[in-house]
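Undergrad: Assemble chain B onto chain A, guided by the hints.
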Amino acid sequence: VDLRGFLLRRTRPRPFVVTAVGGRHTRLAVERLLRLRGWHEALTAGEANMLVLCAPSPHGLDDVMDRLWDQVPGPRARTHIIDANDAGRLLDTAAATLVELELQRDDISARYANAAATDSGHDLHAGHAMSGHDMDAHAGHDMDRHDMDAHPAHDMDEHAGHAMPEHDTGGHAGHDMGGHDMSAHGGHAGHDMGAMQMPGGVAMASRAEDRDGLKLDQLHVTLGPALPDWPAGLVVRLTLQGDVVQEAQVALRTSSGEISPAESPGGAGGHDDQLASCGPVERLDSLQRLLFVAGWPAAGMVARRLRDDLAAGASASNVRDQYRAWSRRVRQSRLLRWSTDGIGLLGGGLPEELRGDATARWKRWLAEVDAALSSADNDPVGTRFWGRNVASAARTALDVLPGLLIGRELAAARLIVASLDPDIDALLAGRHEAMTHG
Amino acid sequence: MVENAPLWSALVAPVLLAMLAWTAAAGSAALSARAAGLPVRPGILSTPVWQATSLLVQQRRTTQAADTLLWRLGGAAVAVAATLSVLVVPLGGYAVSDLSVGVVWFNAMEIVVWAALWLTGWGSNSALPLVAGYRFVAQGMAYELPHMFALITAGLGAGSLQVGRIVEAQADVWFVVWMPVAFVIYLLSALAMAFWSPFDQPLARDLGGGVAVELSGVDRLVLIAGRYLLLAAASAMAVPLFLGGGGGPVLPAWLWSVIKTLAVLGVLVWARTRVPTVRMDRFTEVSWMVLIPLALVQALVVAVIVLVR
Chain A
13 VDLRGFLLRR
23 TRPRPFVVTA
33 VGGRHTRLAV
43 ERLLRLRGWH
53 EALTAGEANM
63 LVLCAPSPHG
73 LDDVMDRLWD
83 QVPGPRARTH
93 IIDANDAGRL
103 LDTAAATLVE
113 LELQRDDISA
123 RYANAAATDS
133 GHDLHAGHAM
143 SGHDMDAHAG
153 HDMDRHDMDA
163 HPAHDMDEHA
173 GHAMPEHDTG
183 GHAGHDMGGH
193 DMSAHGGHAG
203 HDMGAMQMPG
213 GVAMASRAED
223 RDGLKLDQLH
233 VTLGPALPDW
243 PAGLVVRLTL
253 QGDVVQEAQV
263 ALRTSSGEIS
273 PAESPGGAGG
283 HDDQLASCGP
293 VERLDSLQRL
303 LFVAGWPAAG
313 MVARRLRDDL
323 AAGASASNVR
333 DQYRAWSRRV
343 RQSRLLRWST
353 DGIGLLGGGL
363 PEELRGDATA
373 RWKRWLAEVD
383 AALSSADNDP
393 VGTRFWGRNV
403 ASAARTALDV
413 LPGLLIGREL
423 AAARLIVASL
433 DPDIDALLAG
443 RHEAMTHG
Chain B
29 MVENAPLWSA
39 LVAPVLLAML
49 AWTAAAGSAA
59 LSARAAGLPV
69 RPGILSTPVW
79 QATSLLVQQR
89 RTTQAADTLL
99 WRLGGAAVAV
109 AATLSVLVVP
119 LGGYAVSDLS
129 VGVVWFNAME
139 IVVWAALWLT
149 GWGSNSALPL
159 VAGYRFVAQG
169 MAYELPHMFA
179 LITAGLGAGS
189 LQVGRIVEAQ
199 ADVWFVVWMP
209 VAFVIYLLSA
219 LAMAFWSPFD
229 QPLARDLGGG
239 VAVELSGVDR
249 LVLIAGRYLL
259 LAAASAMAVP
269 LFLGGGGGPV
279 LPAWLWSVIK
289 TLAVLGVLVW
299 ARTRVPTVRM
309 DRFTEVSWMV
319 LIPLALVQAL
329 VVAVIVLVR
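Chain order of the listed sequences is A and B. Sequence positions in the first sequence follow the working numbering and run 13 to 450. Sequence positions in the second sequence follow the working numbering and run 29 to 337.
Among the hints, a few may not be true.
[As the list claims (entries may be wrong)] Taking CB as the label site, the calculated pair distances span:
(1) V325/B x W350/A: 22 to 32 Å
(2) D118/A x A291/B: 32 to 42 Å
(3) A125/A x A166/B: 25 to 35 Å
(4) D200/B x D224/A: 22 to 32 Å
(5) S386/A x W206/B: 15 to 25 Å
(6) L35/B x R336/A: 50 to 60 Å
(7) P70/B x D14/A: 55 to 65 Å
(8) R16/A x P70/B: 19 to 29 Å
(9) R223/A x L279/B: 52 to 62 Å
(10) A136/B x A127/A: 47 to 57 Å
(11) A220/A x M169/B: 44 to 54 Å
(12) W298/B x R340/A: 11 to 21 Å
(13) N97/A x P208/B: 49 to 59 Å
[Unchecked claim] Far from chain A by the CB rule (all over 12 Å, computed), these chain B residues:
(14) S60
(15) Q190
(16) L231
(17) L279
(18) W298
(19) F311
In short, the hints are calculated from the structure, not lab data. The beta-carbon is built from N, C-alpha and C at its ideal position, and this holds for glycine as well.
Isolated chain A, as found in the complex:
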């Protein structure tokens, strides 16, 4: 009996969902289908066996997706969903690919063959240039650029590359390290600083003084653009000591590459056409994201369910009871408040919807959905919007974000981002128009 084949044919899909700017509708459709099918959502490419991209443009995240794809262990399948209406069909196709035995076996043996080829190529190179994985060139590179830009050992691992593929060093699958080492040698061969052996050919972490004046290792971690429960298109580069943020930089990942928030068209002149993108559905979407980040998937899942019902045109009276039970539990959760109290505090002078701490913001979201559900009884609630300049709020949020993150633990940093949930889609909407029209 071919037990392995038998089990392979019963592999359950574990999709890792990546959303690009403008892919929100598709993501909502995908998340709804995953929920209804009971598919377990992977939190990283390494856990996944299916890679799902929700993006309106055919290319644009290719580099990220290719890197992630390298890191999905076999058996594996990938799909790119452009139109939300195709989500079900494309997920079906991907699930079918996943259990196509011949295809998966060929894929796995091709990867092994590739890995072997890369390894031998690497050996040749090493024999030619220097010994094995010796990283003196890289050490030189560190000294050259002082401690500030040196890449710590942990920066080079492939996974941080997976979930957060915008690593300066790039993510590499387990089997194609060779290329990485070679480029490091090629690029810095001139700076031979000595024969110091580095573990696995990776430079050691650099050190700097922390907030207490102690010399501590620095880690460079990039959050986004491929990260669960994270605003599409947002990239935050962090310098960590321990898990405390020392430095933070914000960038936006568009289909044509990375730009700084200052280059985005939104917010500056007030794109009034973007007023329409904020309603109860969007608020529940932000709430489910915050709840998942806060480690309360059960409540997050209910929020997704309510969101999907509203988006599908449910009336207030249909969802009101469920919503009330859920919102009461969330609002009364001391543990949730305990997690979000006092972090991400913003004062006056900013748009009203950003003010206060993280707790104040999610409570405001709840109150807004409350209000939407307590009026209008038989209209579909999902089509109601609030007149507000979402783009400028997002722009402001991005401007203040680095200052809010510095000095916070990683856990708090993620909650702060989730509590602001800047709408990058709205921020870059003008840019997309300019690109399509021009």
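TA: For chain B alone, coordinates are given in the frame of chain A:
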């Protein structure tokens, strides 16, 4: 009252523990399905099986400059420690080995988990698992002292660290009745030692799965299964410590042990749906300023009662 079972029981105990763990996983899947608005059918019982087999046939991954040996050992050690810890837990009137220092044995096995989880985070040579590994070290610092005081309180009530003696001492009154604070602290720390919600920060979603970020295939399966085994082991130990072991009317002792264990396990699994993750940087303070003093006062009260009685 509690006797040593024959040697072959050492092979049966892991099987029983695995069945408990599977029950917990199935229960967790059922609760998730309910939150997702799906009907909860009997078929949900097979969900953990298919999730496990899907991982079994998945390729294993490796990372650059990983400390492979320690990394893989770490994951496996969670399951091994959980299995070893139940050797002293009696089922009805029998334990695999009712050691004279059974409580210490149990405690020692769960300390193995500290090392195991930290090694899993550290061994992959990756930033996020490393952060998650340290989160568990911090968590250990927070829960372990109150936990040990809770264990000691039960031992104090019986005047022995032998689990069988502790069960005997509850023939009239269960310890949960006169040491409720210790029981609650034990349950909290059971959640924390199994890094189960709300103490699941080491595996948290905000880090893409924490120490498990780099794990795939059988390596991930071993860690996740180990976590359920730990949760089951901690539930099983609550019964002889605080709930009178196999004591109860009508039904045989072994069945009472099973029923009580399932009840505790059910509460722990269900807790996940009711609370968000506790941030360890906030919990540590509460643990040291509130839980430790409470645990000490509880121990003092029990000590006075034992002396006066």
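Undergrad: Hints first: check each against the structure and report whether it holds.
TA: Hint-by-hint comparison with the structure:
1. V325/B x W350/A: 22 to 32 Å: holds, 24 Å
2. D118/A x A291/B: 32 to 42 Å: Since D118/A and A291/B have Cβ atoms about 50 Å apart, the given range 32 to 42 Å is violated.
3. A125/A x A166/B: 25 to 35 Å: Violated, at about 44 Å.
4. D200/B x D224/A: 22 to 32 Å: With a Cβ separation near 54 Å, D200/B and D224/A fall outside 22 to 32 Å, so the hint is violated.
5. S386/A x W206/B: 15 to 25 Å: violated, 49 Å
6. L35/B x R336/A: 50 to 60 Å: holds, 58 Å
7. P70/B x D14/A: 55 to 65 Å: The hint (55 to 65 Å, Cβ to Cβ) is violated, given that P70/B and D14/A are roughly 29 Å apart.
8. R16/A x P70/B: 19 to 29 Å: Holds, since R16/A and P70/B (Cβ atoms, about 28 Å apart) stay within the stated range.
9. R223/A x L279/B: 52 to 62 Å: holds, 59 Å
10. A136/B x A127/A: 47 to 57 Å: violated, 41 Å
11. A220/A x M169/B: 44 to 54 Å: Because 26 Å falls outside the window, the suggested range is violated.
12. W298/B x R340/A: 11 to 21 Å: holds, 18 Å
13. N97/A x P208/B: 49 to 59 Å: Hint holds: Cβ distance 57 Å, inside 49 to 59 Å.
14. S60: violated, 7 Å
15. Q190: holds, 37 Å
16. L231: violated, 9 Å
17. L279: About 33 Å separates L279/B from the closest Cβ of chain A, which puts it past 12 Å; holds.
18. W298: Contrary to the label, W298/B does not stay out of reach of chain A, its closest Cβ about 10 Å off (not over 12 Å).
19. F311: It is violated; F311/B is separated from chain A by about 9 Å at its closest Cβ, not greater than 12 Å.
Violated hints, listed in ascending order, are 2, 3, 4, 5, 7, 10, 11, 14, 16, 18, 19; each of the other numbered hints is respected by the structure.
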